[in-house]
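Visitor: Going down the list, the sequences are from chains A, B, C and D.
For the first sequence, the numbering used here puts the final residue at 375, and the numbers step up evenly by one.
For the second sequence, the numbering used here puts the final residue at 375, and the numbers step up evenly by one.
For the third sequence, the numbering used here puts the final residue at 375, and the numbers step up evenly by one.
For the fourth sequence, the numbering used here puts the final residue at 375, and the numbers step up evenly by one.
Any given hint could be a false lead.
The list treats identical chains as one, so a pair stands whether inside a single copy or across any two.
[Claimed, not checked] Derived pair list, reagent style DSS-like, types lysine-lysine, alpha-carbon separation capped at 25 Å: (1) LYS30 to LYS264; (2) LYS110 to LYS356; (3) LYS91 to LYS122; (4) LYS91 to LYS213; (5) LYS356 to LYS30; (6) LYS370 to LYS30; (7) LYS229 to LYS326; (8) LYS347 to LYS276; (9) LYS312 to LYS30; (10) LYS114 to LYS312; (11) LYS229 to LYS252; (12) LYS45 to LYS264; (13) LYS312 to LYS356; (14) LYS30 to LYS326.
Since the hints were made in silico from the structure, they are not lab data.
Number of protein chains: 4
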Amino acid sequence: MIVMSAGPTTVSREKLDYMMKNSTNTDIDKNYITIHRETEALISKLVNTNAKSFVMLGEAILGLEAACSSLIEEGDRVLVIHNGFFGYGFKYFIEMYGGIPVMLEMDYTKGLNKDILDEYLKKDSDFKFATLVHCETPSGIMNPIDEICSLLQDYGVLSIVDAVSSIGGEFIDFDKFKIDVLIGGSQKCLSVPSGLTLITISETAESIVLNRKTPIKSYYCNFKNHLEKSGSREFPYTMNDSLIYGLNISLKNILDTDYVSIHKEFGERVRNAFIKSGLKLYPKSHFSNTVTTVLLPDNITDVEIVDRMVQKGVFISPGVGHLEGKTIRIGHMGDNLDENMIIETLKALDEVFLEKNIVLECSLTESFMKYNVFF
Amino acid sequence: MIVMSAGPTTVSREKLDYMMKNSTNTDIDKNYITIHRETEALISKLVNTNAKSFVMLGEAILGLEAACSSLIEEGDRVLVIHNGFFGYGFKYFIEMYGGIPVMLEMDYTKGLNKDILDEYLKKDSDFKFATLVHCETPSGIMNPIDEICSLLQDYGVLSIVDAVSSIGGEFIDFDKFKIDVLIGGSQKCLSVPSGLTLITISETAESIVLNRKTPIKSYYCNFKNHLEKSGSREFPYTMNDSLIYGLNISLKNILDTDYVSIHKEFGERVRNAFIKSGLKLYPKSHFSNTVTTVLLPDNITDVEIVDRMVQKGVFISPGVGHLEGKTIRIGHMGDNLDENMIIETLKALDEVFLEKNIVLECSLTESFMKYNVFF
Amino acid sequence: MIVMSAGPTTVSREKLDYMMKNSTNTDIDKNYITIHRETEALISKLVNTNAKSFVMLGEAILGLEAACSSLIEEGDRVLVIHNGFFGYGFKYFIEMYGGIPVMLEMDYTKGLNKDILDEYLKKDSDFKFATLVHCETPSGIMNPIDEICSLLQDYGVLSIVDAVSSIGGEFIDFDKFKIDVLIGGSQKCLSVPSGLTLITISETAESIVLNRKTPIKSYYCNFKNHLEKSGSREFPYTMNDSLIYGLNISLKNILDTDYVSIHKEFGERVRNAFIKSGLKLYPKSHFSNTVTTVLLPDNITDVEIVDRMVQKGVFISPGVGHLEGKTIRIGHMGDNLDENMIIETLKALDEVFLEKNIVLECSLTESFMKYNVFF
Amino acid sequence: MIVMSAGPTTVSREKLDYMMKNSTNTDIDKNYITIHRETEALISKLVNTNAKSFVMLGEAILGLEAACSSLIEEGDRVLVIHNGFFGYGFKYFIEMYGGIPVMLEMDYTKGLNKDILDEYLKKDSDFKFATLVHCETPSGIMNPIDEICSLLQDYGVLSIVDAVSSIGGEFIDFDKFKIDVLIGGSQKCLSVPSGLTLITISETAESIVLNRKTPIKSYYCNFKNHLEKSGSREFPYTMNDSLIYGLNISLKNILDTDYVSIHKEFGERVRNAFIKSGLKLYPKSHFSNTVTTVLLPDNITDVEIVDRMVQKGVFISPGVGHLEGKTIRIGHMGDNLDENMIIETLKALDEVFLEKNIVLECSLTESFMKYNVFF
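Please work from the sequences and hints to get the whole structure.
Guide: Okay, here's the thing in structure tokens:
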């Protein structure tokens with residue numbers, strides 16, 4: 001099967017093989033601990049900072065929740081800047097931990113707008129922190145977090161950024177962008193199986209976590225447990241060696257390449273193919289270079305296409321949230337970025353549209369391949 | 001390296017190999033979903049029940065916390081029956097989620113005592129539920145959960161049992177024992193890498209979770225998300241295929257063997273070796289058949305021994321909690337149960353004691369091997 | 001290519017992927033043996049029995065021959081009840097192994113008739129066993145094996161049933177139907193590549209095999225070799241892991257669905273399409289829900305149609321035996337049961353008939369699609 | 001897991017990937033038929049002949065039986081020349097099909113001796129054919145089939161040669177050696193999963209099969225069915241595409257290399273390692289370059305070593321027949337021929353012997369590696 005979904009992404013055979021060493025005792029094995037700590041340093045390196053990074057054992061959503069649980073104390077006001085499904089979702093985590101979410105909705109078809117935020121903050125900037133999403137995977141929008149986080153800092157508001165489907169695919173400068181908490185996941189651009197959450201945290205945010213008035217209301221969703229053991233030979237619980245080995249080699253390989261340009265090139269080529277074919281992309285601007293969300297004609301649903309694609313040997317993703325039923329999504333990130341695999345995917349899509357009597361203005365496959373010529 | 005620690009345990013090469021398939025999309029792949037649901041049914045089968053089981057993606061401690069978060073509402077009184085480190089630890093989870101932990105301490109060197117509990121409950125049984133631990137890994141004690149949980153039910157108190165280091169090694173009859181929530185982990189007797197929490201839940205407990213007055217204060221530590229999707233083709237978040245494949249084959253292999261007798265035999269032989277040597281076991285009764293905790297002479301620490309053992313190629317576990325520094329632990333469970341590996345471990349221990357000038361009354365290795373003869 | 005032939009059927013991409021693990025040593029690998037034995041238990045489950053099942057490495061015809069070689073001793077009289085190509089074919093296997101085939105021919109255009117058999121057996125029932133076919137793939141007839149096998153048992157005659165193209169598509173209750181030997185194949189309704197023969201055997205038949213006066217005259221076509229190792233960790237020869245993995249997941253997925261109803265629905269819809277079009281089906285009654293055999297007009301041959309269909313990307317089957325040249329066959333079973341694939345097939349057939357100047361009363365595709373509406 | 005057993009051997013990932021195409025209809029797909037016929041021609045090419053080759057769907061033992069069933073008629077005398085387990089085994093197949101096996105036993109620790117055969121044939125050469133084995137996998141002996149078959153032809157006796165574990169590893173010239181029937185298997189030197197039997201047949205033998213007085217007493221074990229369809233677009237039963245694709249690419253790759261020299265080199269190096277270590281090889285001469293059989297000291301069994309090797313991640317083979325319990329076997333053939341894999345295997349063996357207190361004169365690993373230097 002070709003895995004071209006918006007996550008989990010393909011994990012290459014070589015990486016799977018590398019991950020599968022003999023089992024060890026992660027609590028005692030010195031070599032494991034060395035590699036684990038190195039992996040954390042590589043995460044920081046990937047986002048161009050010397051700030052601390054650590055890894056939690058759980059799906060990426062664990063990190064989103066843990067950021068809220070670790071920073072919020074009863075009654076804290078939090079600004080939820082949202083233009084998509086995951087951006088909105090922070091609301092629930094904030095409420096769970098006694099925070100007061102203040103919702104700032106922006107246009108769901110575009111990237112976050114700095115000016116609107118500026119206007120807003122002029123009137124009200126009394127927030128402990130703000131939450132936002134780098135890449136909204138459901139809509140395929142990449143938000144300009146550099147502008148937004150910098151502006152937030154100007155107003156003294158910390159920023160928590162969900163970079164689950166951008167880290168390792170899009171350029172992130174943790175320091176310059178003025179990010180305070182950055183949350184990543186293993187199964188998107190990093191192409192490691194699901195099960196790891198990556199956290200990078202600023203000194204300011206760390207200090208808030210370590211100096212709370214009240215204890216954090218969770219052990220598993222808890223940054224403090226990790227921060228306190230940072231750099232030591234201990235972990236808050238037993239870690240999983242094969243996932244860490246996978247993340248480690250993945251980060252090293254990514255850092256050896258010009259991964260930002262590669263994602264940019266493939267993102268443009270995939271979008272071009274859909275646009276040329278006459279199909280509409282969901283976003284009006286700020287297209288993500290890791291995920292493309294395509295609007296479907298009225299007479300067909302996402303599930304019909306996704307199921308037919310499975311029969312043709314390709315996993316792509318259906319719509320999510322308010323886009324359920326109406327969109328399909330291609331993940332062009334991490335180990336999915338293989339010219340042959342993308343061509344196979346587009347060929348299969350061309351066939352499915354034909355079968356479903358949806359006439360395209362030109363073949364997706366050909367548009368994708370031609371674009372390369374003029375690149 | 002030989003892994004003979006009290007968890008994570010050895011994962012056999014064959015199992016690691018079996019786990020390593022091509023990566024898939026766990027949200028869409030029909031075959032993955034079939035195997036995932038089958039795995040849940042196998043968990044129920046292992047604990048002899050038709051009650052629902054499900055799997056959470058995270059270290060076993062996630063299950064302990066999620067049980068508390070899912071069942072407790074503000075102000076609920078919970079009885080914490082403890083005779084060890086993990087039994088005591090439930091206190092913190094209960095407090096985090098607004099419950100009132102009422103501590104019932106018993107002798108830390110023996111199994112839980114039914115009569116003491118009966119006396120206690122006669123005076124006060126107004127508890128939503130009680131928490132207890134099946135096998136206390138730090139002390140090597142196996143608690144008689146059948147007696148305790150049945151008694152609790154007589155008083156109308158639900159039971160939450162931490163069976164992390166007993167499931168798959170000790171006999172558990174979920175229905176007959178009157179357990180309401182049973183929590184297991186992948187990295188102990190099941191010998192799958194760390195990263196999965198196993199939950200089995202009674203109808204009564206499920207009904208409480210599904211009919212709460214207030215929402216559960218966590219998304220990741222939350223039974224409801226899993227119960228609502230039970231048996232469906234969806235999960236609350238992206239799952240990890242290789243861990244589930246590993247758990248699946250592990251459960252099948254365990255169910256094919258008389259695993260209770262095997263653990264009993266090895267447990268007795270390991271304990272016999274230490275007793276014959278003149279070393280003292282920590283427990284006075286209720287010895288666990290999965291973990292043995294050995295008291296050390298005053299002139300040596302656990303870390304000295306554990307570190308020297310590592311140099312000889314064997315991982316064993318140091319002490320935990322109030323036994324830190326004073327005890328070492330051997331995990332004789334799951335894939336650790338290999339005569340050769342145990343002999344190698346005891347040989348290395350014989351050598352270490354000799355080097356450290358601790359004179360044993362007889363060789364651990366020989367006692368272990370001789371015992372077999374008279375078995 | 002779309003595979004809609006009467007076998008081998010489509011093997012879904014997901015299943016092919018699931019089958020492809022790293023190679024192993026099937027003689028030594030414990031996990032392989034677990035899955036192999038589980039697969040045998042699943043076969044028994046599929047045919048609703050606790051009787052033993054086992055798998056032979058070879059095309060399904062191996063099972064037909066091995067049933068005869070294993071049960072027959074020199075001079076045994078065997079009743080060959082036939083209303084089709086494969087039913088008749090048992091004659092040859094019986095003769096090869098020294099048996100005396102007694103031929104009972106019935107109407108080739110209908111299902112086997114219980115009353116005729118009853119009349120026959122009243123006069124002569126001195127047979128060691130009788131052979132019959134569940135689904136005659138050449139003619140598209142599903143025989144009422146429940147009535148026939150029960151009647152045979154009343155006369156003390158064992159039954160050997162060729163269920164190669166019905167197992168996994170049609171309801172079979174091995175015990176209630178009073179079957180003694182049931183033979184299945186991997187490449188029909190189970191949609192696993194060709195290469196496995198599935199055998200389920202009653203205690204009576206097993207006892208005959210194990211207590212023969214003379215040895216079985218073949219090693220490869222031999223039930224005894226398999227029965228003697230049943231449930232053990234050994235096989236009569238080196239097995240093929242990927243086929244067994246494929247059969248395993250296939251059986252699980254089938255057992256999770258109402259596969260009988262699904263085959264019934266598709267069978268009716270396909271037949272309806274041909275009937276509405278004015279084309280004649282070969283059978284007059286007892287239509288199979290797994291294969292449809294369509295009579296062709298005089299001015300065209302099966303090969304002409306099959307070859308043209310291949311050019312259009314669809315594999316269907318030509319006629320076999322006395323129906324060679326005169327019929328085409330659609331296999332609507334296993335992974336072939338996909339609405340899209342059937343529509344593609346009928347569309348192509350509509351086109352081919354048009355090209356060949358064969359005027360249909362209405363479009364096959366439309367009849368197929370409309371029928372659904374009134375279902 | 002490292003597969004270094006005497007069959008099944010390793011199947012490389014690349015080959016597995018190549019084998020896994022979309023499923024097809026092997027009866028109709030023209031491309032499949034082309035590749036299938038090409039594969040048969042490649043088999044003939046591998047054994048340096050223009051004689052016909054064909055492939056049967058079943059484990060290699062199918063070919064041994066089918067050779068006997070196809071050539072023997074009631075009362076035919078057959079010379080069974082044996083110096084090992086499989087050589088002796090032909091007796092049973094001959095008896096099953098009504099032949100009279102005449103046993104010629106030679107020294108089991110050496111290769112077949114031409115002079116002894118000559119003496120024998122001088123007295124009695126009235127045999128329809130003789131059977132013999134090229135490589136006796138249980139004992140690790142490679143018989144000089146060139147000398148033996150030529151001599152047989154001088155006396156007008158046809159030869160049937162079991163080359164299951166030599167074809168693709170040892171030089172075979174079908175014509176010059178004067179072989180009449182050569183039988184190979186997929187899962188040894190060709191490193192394709194188990195399930196295919198390869199047959200090459202001389203014109204003389206073919207003529208005997210096609211001109212029998214009585215029909216062959218089996219359909220599945222039957223050369224005639226294959227010979228009659230040879231080169232046509234039909235097969236006696238539905239074939240398995242992925243196995244044939246695997247065999248095809250495997251043969252092409254082998255023919256591109258100097259596979260005889262490679263097997264010779266690795267065979268010598270492995271034997272050298274065992275000899276230097278002081279362990280005894282079973283054969284006194286005629287060492288096989290594909291399998292090495294090592295005699296064990298009295299105080300240890302093959303199963304103890306094989307089981308311990310599994311724990312260390314390596315599959316090797318135990319003894320077979322009269323060598324059961326007393327020998328272990330390394331298969332150095334096909335995709336097993338990887339320097340790293342052999343070193344890993346010998347390292348693990350060095351460790352196991354150490355654990356079992358069996359003192360070697362020098363390390364197997366080192367001897368293996370050093371030998372290379374002086375090569």
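Visitor: Compare the structure with each hint and give your call.
Guide: Status of each hint after checking the structure:
1. In the homo-oligomer, the alpha carbons of LYS30 and LYS264 lie at most 25 Å apart only across protomers (22 Å), although the nearest pairing inside one protomer, at 39 Å, exceeds that limit.
2. Taking identical chains as interchangeable, the C-alpha atoms of LYS110 and LYS356 are never at most 25 Å apart, the minima being 30 Å within one chain and 39 Å between chains.
3. For the identical chains of this complex, LYS91 and LYS122 are intra-copy neighbours only, at 22 Å inside a copy versus 45 Å across copies, given an alpha-carbon limit of 25 Å.
4. Proximity of LYS91 and LYS213 under a CA criterion of 25 Å is satisfied in both settings, with 22 Å inside one chain copy and 20 Å between copies.
5. Taking identical chains as interchangeable, the C-alpha atoms of LYS356 and LYS30 lie at most 25 Å apart only when they sit on different chains, with a minimum of 23 Å there against 57 Å within one chain.
6. Taking the shortest alpha-carbon separations for LYS370 and LYS30, neither the intra-copy value of 51 Å nor the inter-copy value of 29 Å comes in at or below 25 Å.
7. Taking the shortest Cα distances, LYS229 and LYS326 sit within 25 Å of each other only across copies (23 Å), while inside one copy they are farther apart (46 Å).
8. Only within a single protomer do LYS347 and LYS276 lie at most 25 Å apart by alpha-carbon distance; the minimum there is 15 Å, versus 29 Å between protomers.
9. In this homomeric assembly, LYS312 and LYS30 come within 25 Å of each other (Cα to Cα) only across copies, at 14 Å, whereas the closest approach inside a single copy is 46 Å.
10. Taking identical chains as interchangeable, the C-alpha atoms of LYS114 and LYS312 are never at most 25 Å apart, the minima being 43 Å within one chain and 45 Å between chains.
11. With identical chains, the CA atoms of LYS229 and LYS252 are at most 25 Å apart both within one copy (24 Å) and between copies (20 Å).
12. Taking CA atoms no more than 25 Å apart as the test, LYS45 paired with LYS264 passes inside one copy only; the shortest distance there is 20 Å, against 33 Å between copies.
13. For a Cα distance limit of 25 Å, the shortest separation of LYS312 from LYS356 qualifies both inside one copy, at 14 Å, and across copies, at 17 Å.
14. Taking the shortest Cα distances, LYS30 and LYS326 sit within 25 Å of each other only across copies (22 Å), while inside one copy they are farther apart (51 Å).
Hint compliance for this structure: hints 2, 6, 10 are broken, all remaining hints hold.
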